[in-house]
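Number of protein chains: 2
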Amino acid sequence: MFFHLCLVFKKSVEVLDTTLRDGSQGANISFTLNDKIKIALMLDELGVDYIEGGWPGSNPKDEEFFKEIKKYSLSKAKIAAFGSTKRKDSSVNEDTSLNSIIKADVDVAVIFGKSWSLHVTEVLKVTKQENLDIVYDSIKYLKSHGLKVIFDAEHFYQGFKEDPEYAIEVIKTAEAAGADVIALADTNGGTPPFEIFEITKKVREILNVKLGVHTHNDIGCGVANALMAVKAGVRHVQGTINGIGERTGNADLVQIIPTLMLKMGFNVLNGRESLKKLREVSRLIYEILGLPPNPYQPYVGDNAFAHKAGVHVDAVMKVPRAYEHIDPSLVGNDRKFVISELSGTANLVSYLQKIGIVVDKKDERLKRALNKIKELETKGYSFDVGPASAILITLRELNMYENYINVEYWKVINENSGLSIGIVKVNSQLEVAEGVGPVNAIDKALRMALQRVYPEISDVKLIDYRVILPSEIKNTESVVRVTIEFTDGKINWRTEGVSKSVVEASVMALIDGLDYYLQLKKTLKVLPDKYIT
Amino acid sequence: MFFHLCLVFKKSVEVLDTTLRDGSQGANISFTLNDKIKIALMLDELGVDYIEGGWPGSNPKDEEFFKEIKKYSLSKAKIAAFGSTKRKDSSVNEDTSLNSIIKADVDVAVIFGKSWSLHVTEVLKVTKQENLDIVYDSIKYLKSHGLKVIFDAEHFYQGFKEDPEYAIEVIKTAEAAGADVIALADTNGGTPPFEIFEITKKVREILNVKLGVHTHNDIGCGVANALMAVKAGVRHVQGTINGIGERTGNADLVQIIPTLMLKMGFNVLNGRESLKKLREVSRLIYEILGLPPNPYQPYVGDNAFAHKAGVHVDAVMKVPRAYEHIDPSLVGNDRKFVISELSGTANLVSYLQKIGIVVDKKDERLKRALNKIKELETKGYSFDVGPASAILITLRELNMYENYINVEYWKVINENSGLSIGIVKVNSQLEVAEGVGPVNAIDKALRMALQRVYPEISDVKLIDYRVILPSEIKNTESVVRVTIEFTDGKINWRTEGVSKSVVEASVMALIDGLDYYLQLKKTLKVLPDKYIT
Chain A
1 MFFHLCLVFK KSVEVLDTTL RDGSQGANIS FTLNDKIKIA LMLDELGVDY
51 IEGGWPGSNP KDEEFFKEIK KYSLSKAKIA AFGSTKRKDS SVNEDTSLNS
101 IIKADVDVAV IFGKSWSLHV TEVLKVTKQE NLDIVYDSIK YLKSHGLKVI
151 FDAEHFYQGF KEDPEYAIEV IKTAEAAGAD VIALADTNGG TPPFEIFEIT
201 KKVREILNVK LGVHTHNDIG CGVANALMAV KAGVRHVQGT INGIGERTGN
251 ADLVQIIPTL MLKMGFNVLN GRESLKKLRE VSRLIYEILG LPPNPYQPYV
301 GDNAFAHKAG VHVDAVMKVP RAYEHIDPSL VGNDRKFVIS ELSGTANLVS
351 YLQKIGIVVD KKDERLKRAL NKIKELETKG YSFDVGPASA ILITLRELNM
401 YENYINVEYW KVINENSGLS IGIVKVNSQL EVAEGVGPVN AIDKALRMAL
451 QRVYPEISDV KLIDYRVILP SEIKNTESVV RVTIEFTDGK INWRTEGVSK
501 SVVEASVMAL IDGLDYYLQL KKTLKVLPDK YIT
Chain B
1 MFFHLCLVFK KSVEVLDTTL RDGSQGANIS FTLNDKIKIA LMLDELGVDY
51 IEGGWPGSNP KDEEFFKEIK KYSLSKAKIA AFGSTKRKDS SVNEDTSLNS
101 IIKADVDVAV IFGKSWSLHV TEVLKVTKQE NLDIVYDSIK YLKSHGLKVI
151 FDAEHFYQGF KEDPEYAIEV IKTAEAAGAD VIALADTNGG TPPFEIFEIT
201 KKVREILNVK LGVHTHNDIG CGVANALMAV KAGVRHVQGT INGIGERTGN
251 ADLVQIIPTL MLKMGFNVLN GRESLKKLRE VSRLIYEILG LPPNPYQPYV
301 GDNAFAHKAG VHVDAVMKVP RAYEHIDPSL VGNDRKFVIS ELSGTANLVS
351 YLQKIGIVVD KKDERLKRAL NKIKELETKG YSFDVGPASA ILITLRELNM
401 YENYINVEYW KVINENSGLS IGIVKVNSQL EVAEGVGPVN AIDKALRMAL
451 QRVYPEISDV KLIDYRVILP SEIKNTESVV RVTIEFTDGK INWRTEGVSK
501 SVVEASVMAL IDGLDYYLQL KKTLKVLPDK YIT
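Those protein sequence lines, which keep their order, are chains A and B.
In terms of the UniProt record's numbering, the first sequence has 208 at position 208, counting the first letter as 1, and numbering is strictly consecutive.
In terms of the UniProt record's numbering, the second sequence has 374 at position 374, counting the first letter as 1, and numbering is strictly consecutive.
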């Protein structure tokens, strides 16, 4: 009861995730519609307050997203559509940007407007008064359509430094027009943290509306600037997962959220349980983008709680808080020791639990499995991105594995005609198939041989396929890691293969994917009710 | 004259670089003696005040460094040796740590001591008074040997929060013993920026000695925390190049220094000319470590001044300061335009400019090229990730393309033996090669055929290879996009190929990569002096 009261009285900071909008403006960043849906569902499960899904006026892919996401029921997050204030030469009723937000049929609109007088006169080329009218009319119009409106004051901090009266006038206008949140944006990311604090504090004294902040990392202060703004009174933070975004990126929510909760005492997301999902969410975004995770990333990186062997390791076991700023498990991460076989068994135990297998984490068979997994990791595997392959190794050690697929021989021939021929000898059966690429050809031949005996395999579909070079030295002789995600329509699982040949690595991951499904269906006769990704 | 006076009166912040000491404690970081010498000379040229060369008591490689570096005359930097305060059970005269600093025969000693009472009683296991004596005696001893002494107060901020009186007593003791600089360390990197500011300010009011700061990046605030400490009165900053270091790393000097100079008005290094070397220094450290440079790194990353949206590109050409927080050339970096489905001809124009081609953005040929590019993007291409392939299309439209590589036929055979055979008929020559995978096999066969005629191709190396499925529906029949990054040691370029076959897509990207290089070298006879990635 007392605990409950505490939670009620704890101040909250709401989170707007713009991975799908501002994040997608980063170099080398591109999401498919499926990616966007997958990410939105994951963000909702994490507990963010708003998901900025895209800019419906700017491209058809974003418009499709708003249609598609309606088919899902989200538990908490509100979907927000992004856009600009109205054009200078159109009325609100005719304005395509505002109307495409309304057409997106969402509950929340995020619109950005000019608050730096340089931009008003030099870029937008209107008078200061005209810009105030544009801001006022645009917000009023969206409000009149029943939308919650978040107003992003673009380049606010630069604007305030050069022409504070006008910058304030713009956001006062937005407040008067009924904006529900006014987010102060450090659009070019160049404002140092002490200025963010001072300016935000002044604004907090002037306005009554809920204030937000939108920061970028151009001087390496994206995260700190968001924290300083909260310290100055902001209660709404915008950012992206892993800090992806234009130039040096947006503020990284993965880094901001734990500090807000653990060091500043705010209530964020769905409370502490949400924090434990942070590492997983961070990983999935990297994987979708085909990027290797940043091992040095604060809170969630592989090295974030890495300790060297020896005295230090011993000391950290006795007095962890003497060496660690937080308990790594709070953010779903792990203490890592250079010499230790202990780290990881807990991980495996929790994976096995998901498929109905209960094993003690000190079980010798588990330790043997872990040693095999770690050895493979030195060769380019990464347990995080293809856990089903690691589970197969573990099932073997636990004597819970049955041999359903015995591949004796395979061969693929590709040529410039575009066609590939796959030949497979599996379970003593030789099959040949034509495919549009090597993976497709082998996949077809494999299925021809296996489906007769295991008809359940026809339910299995490949839904994602990624290749990266995990090693430091990269050339055409490098080891490649192929990750494949499968689904049977109910559950998803990910496998991986590592080889110097992209074809061989693909074949390995393909076989693991079918094998894993057969182990679940036929050996364990149990299906997890959750994603194992 | 007036300018000169201004410089004289400008306040300075001194920089201690600990790349060679704290940096080398990072995971997967290891420097050879030669590396260390090379880095030290580069840091001296950059203009840092102190180079912390290593911990002579802890390993022989560090001792050798101090001997070797004496053979060089440095223009400005002072070499500093690192160590701990004396052991609790030895006298200063017999203490190996202190004496190895003295033996290193340097001008400056950096020693760290306990300032968090938890560490004093739980880790060091001495009384608080004993620790004060240890600090006092150690500094006195080094001073009596004529050394300048920088005292690093380990875990100072944590110590201050738990036991402020004692933390202050420790640094007052260091001051009384004659320390020249007292650096407050956020050793576990967990202190938020507003606390760093408040605590540092209090210390500044109490002590008279020059204050320094040593921060880590565990909550993503390493850079901001150093800046906040300077704002609170610190005039000595410790960090590493690229932020390498234990766990999530040290504060990144490459990010701190430009903000101190360009945004806070301090005199750092050898003034503004030094800033222009920052990108080069950052690159060299990555190269020595065999790590890919971080394209999102503030100030110096490839994407730090990258613009993607078309309208935006047009505007930044007209009013750069409306979109860029600093002029990129100040830190030796470049503005970059990203080619994508959103971009207009302005992006293409600026790319072409870099390879010496001037075309008007309204040129019809350019519009035709852009239409082709946009059409390909609907088929899965994404030219922001492989712009060189887009340039090849544009060169064809501009009639500036020459046909050097004419592939008539190719074939790859892969099988479970692990070996791949690549067969290529290019420019009427048939070649066959064995490779460890299909891409390697084709790469080898292609080069065999082409290098006789175009020997320059032997300089071209592949440095990155990525595969993703860009299409909405993902299965083994989906289109895959392969992106390859190449280098000739001077410039880098990225190409892409799209096909339902991962092998074909790889072959396309490979051929484009070699073709682009030949166009630059042979047709245009001009090489950009900057990266085109």
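Some clues are possibly wrong.
The list cannot tell twin chains apart, which means a pair is met if one copy fits it or any two copies do.
Only pairs whose alpha carbons sit at most 20 Å apart, straight line, appear in this in silico EDC-like list of lysine to aspartate or glutamate [stated by the list, open to error]:
{"hint": "1", "residue 1": "K231", "residue 2": "E195"}
{"hint": "2", "residue 1": "K276", "residue 2": "D49"}
{"hint": "3", "residue 1": "K140", "residue 2": "D105"}
{"hint": "4", "residue 1": "K70", "residue 2": "E162"}
{"hint": "5", "residue 1": "K210", "residue 2": "E68"}
{"hint": "6", "residue 1": "K379", "residue 2": "D464"}
{"hint": "7", "residue 1": "K161", "residue 2": "D327"}
{"hint": "8", "residue 1": "K231", "residue 2": "E375"}
{"hint": "9", "residue 1": "K61", "residue 2": "E377"}
{"hint": "10", "residue 1": "K231", "residue 2": "E198"}
{"hint": "11", "residue 1": "K379", "residue 2": "D35"}
{"hint": "12", "residue 1": "K277", "residue 2": "E45"}
{"hint": "13", "residue 1": "K500", "residue 2": "E434"}
{"hint": "14", "residue 1": "K411", "residue 2": "E434"}
{"hint": "15", "residue 1": "K461", "residue 2": "E122"}
{"hint": "16", "residue 1": "K379", "residue 2": "E63"}
{"hint": "17", "residue 1": "K525", "residue 2": "E162"}
Since the hints were made in silico from the structure, they are not lab data.
Which of the listed hints are not met by the structure?
Numbers 4, 5, 8, 15 and 17 - these are the hints that the structure violates, sorted from lowest upward.
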